[in-house]
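In the UniProt record's numbering, the protein residues as written are 1 to 550.
Each hint should be verified, as a subset may be incorrect.
Pairwise CB distance ranges, derived in the manner of DEER restraints [unchecked claim]:
#1 W278 x G128: 48 to 54 Å
#2 F344 x G208: 23 to 29 Å
#3 F280 x G414: 44 to 50 Å
#4 I120 x I407: 19 to 25 Å
#5 E143 x K74: 21 to 27 Å
In the SDA-like style, the derived pairs of lysine to any residue whose C-alpha atoms are separated by at most 25 Å in a straight line are [claimed, not checked]:
#6 K78 x Q99
#7 K328 x L294
#8 K183 x E143
Please keep in mind that the hints were generated in silico from the structure rather than gathered at the bench.
Cβ coordinates follow ideal geometry from the N, Cα and C atoms, glycine included.
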Amino acid sequence: MISVSVVAQELPFSDHEKQIKQGNDRIVNENRPLLQRQDIFLQDLFSSDDPSGVDADSDVCVQVNTVKVTGVTKFSTKTIENLTQPYHQRCINLNHVNQLVTDLSNLYLNAGFVTSRAYINPQHLSTGVLEIVVLEGFIEAIESVHETLSETQLSLAFPTTKQKLLNLRDLEQGLENLNRLGKNQATMSLVPGNTQGGTVVSVQNRLGDGWRGSIGLNNTGVEDTGELQLDANLSLDNVLGINDNFVASLSSNVGEHDLPVAESRSVSLVGSLPYHYWFFRLSNSYFEYEQSVLGNNVDFTTRGSSFNSSFEADVTVYRGQSQKLNVKTSLSRKESKNYIEDIFLETSSRTLYLWDLSASYLKHLRKGTLTADFTVSKSVPWFGATEQLVSAEVDYQFTKYTLDAGISRHMKWGEQSVNLSSQMHLLYSPEVILASEGLTVGGRYSVRGLSQRALFGYRGGYLRNDFLFPVSTPWDQFGQTQLMLGVDVGASNLPEFPDENSDWVAGSALGFTFLHRDLSVSFTYAKALRTPDFIDDSQEELDVFVRMNF
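With these hints in hand, go ahead and build the complete structure from the sequences.
Structure representation (structure tokens):
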């Protein structure tokens, strides 16, 4: 019986690889809300100029042969000529002049130079030359009100310095970097400086505690390694004084279970640092499990572990009025070990190195957000990475492509406020890959209602839809209550079933969350709506989450 299991462990979709996949997915999803950042767009606070009283038919006009614009350093001569050319060799009135000045000012404003303006000095137009001066606004100083932020923090956060032209995009990026720290609630105001064109960027910051933590209990584990899970996390801000952040988290199964052995534990540590338009993150996570396998003649214990480390560098390559584009690269090391009865199984243990390159896009909508992320992941045979087990013909080198897209919207259904969130995840690999690096369709993080049996593959995806309704209850005086309705669908190829090409599943979820200060309690009932013939279609689950923040 044990020898058969050893052979099974050599397969890409072995139980060991599935356990590693589920354990690592849990770590990623538990850490996600702890690592989220705030996106800041402030262009709406600076509306474009709109000249009033424009009357193109005014009879009072002056012949202008040439328009001369001085003081421009940020735009090409061609760009300026495109604006001024319609006013050459014609008779223009005051309204035309105002329109041209406004167009030049808006050119700067829409590009983020919100303190730059075009204006006209007193002049005689008898020469036929209209002279327009552009005053390009610059930063006179960046200051912290009440000195809640150090000079080092400001210089590392804002990708600009004094005497440089003031661009709102740079200031938005600086505020985002500061507000990555949970202790900060930074805002800014622009104050006229002491010199013409100068502006003092005044940063106000509501300073909170430099640490945060929480402890939670839920029943979202799997039966084989413990359903009841206890987790805790701790976040520390600005430990090194350079806008750094460290997040530590751990989890373990607790309570009794039916199997003789059913255990799982994880720990992770993430450190991050923003620098101007760059963001760096170093992550380490460890997951281990141990379970009993009940055989026909003999029972035995199997256990496994994974230790993952990654370094990523993310840079914002474009920032617009309401959108931005980022490019990220990362290198990861993933080590997996597998044992049966304390015997190390070299054939099903491996070390992988993965090189990722991704591009992510974010669009800030009036009442929501649109996101998209495309990633190419390639394993590389570096530093002694496991390449291939000839005896098992398992190739550990692979390339995979993933696409994640999502939209969130706030809307009204009659008098009821509704928040809609739709998230899509697609994965494609030309060749078979390990289950721990592949696709899981079914479970709490993909298609809900199928946590006990999921589809594992390397070509497919899923779509999750959540409708969130804030509701009134008799206990509103004690906290907020939110109702959730979810509908999910997903499909995957089926490498575990040679006779099947692919199939699809669907699931639903209904739940509510109650928030009271630092306490949150949620209940979610999930049920499978559609499953293939080889999966029990009566799957359902009731998840309970309790969390206390401190």
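Structure-based check of each hint:
Judged by the Cβ atoms, the range 48 to 54 Å given for W278 and G128 holds: they are separated by roughly 51 Å. The supplied range of 23 to 29 Å is broken by F344 and G208, whose beta-carbon atoms lie about 48 Å from each other. Taken as a hint, the range 44 to 50 Å holds for the pair F280 and G414, whose Cβ atoms sit roughly 47 Å apart. At roughly 46 Å, the beta carbons of I120 and I407 sit outside the given window of 19 to 25 Å.
Roughly 24 Å separates the CB atoms of E143 and K74, a value that falls within the hinted 21 to 27 Å. For the hint linking K78 to Q99, the alpha-carbon distance of about 19 Å falls within 25 Å, and the restraint holds. Between K328 and L294 the CA atoms are separated by roughly 45 Å; this puts the pair beyond 25 Å, and the hint is violated. For the suggested pair K183 and E143, the alpha carbons sit about 18 Å apart, so the restraint of at most 25 Å is met.
In this structure, the hints that do not hold are numbers 2, 4, 7, in rising order.
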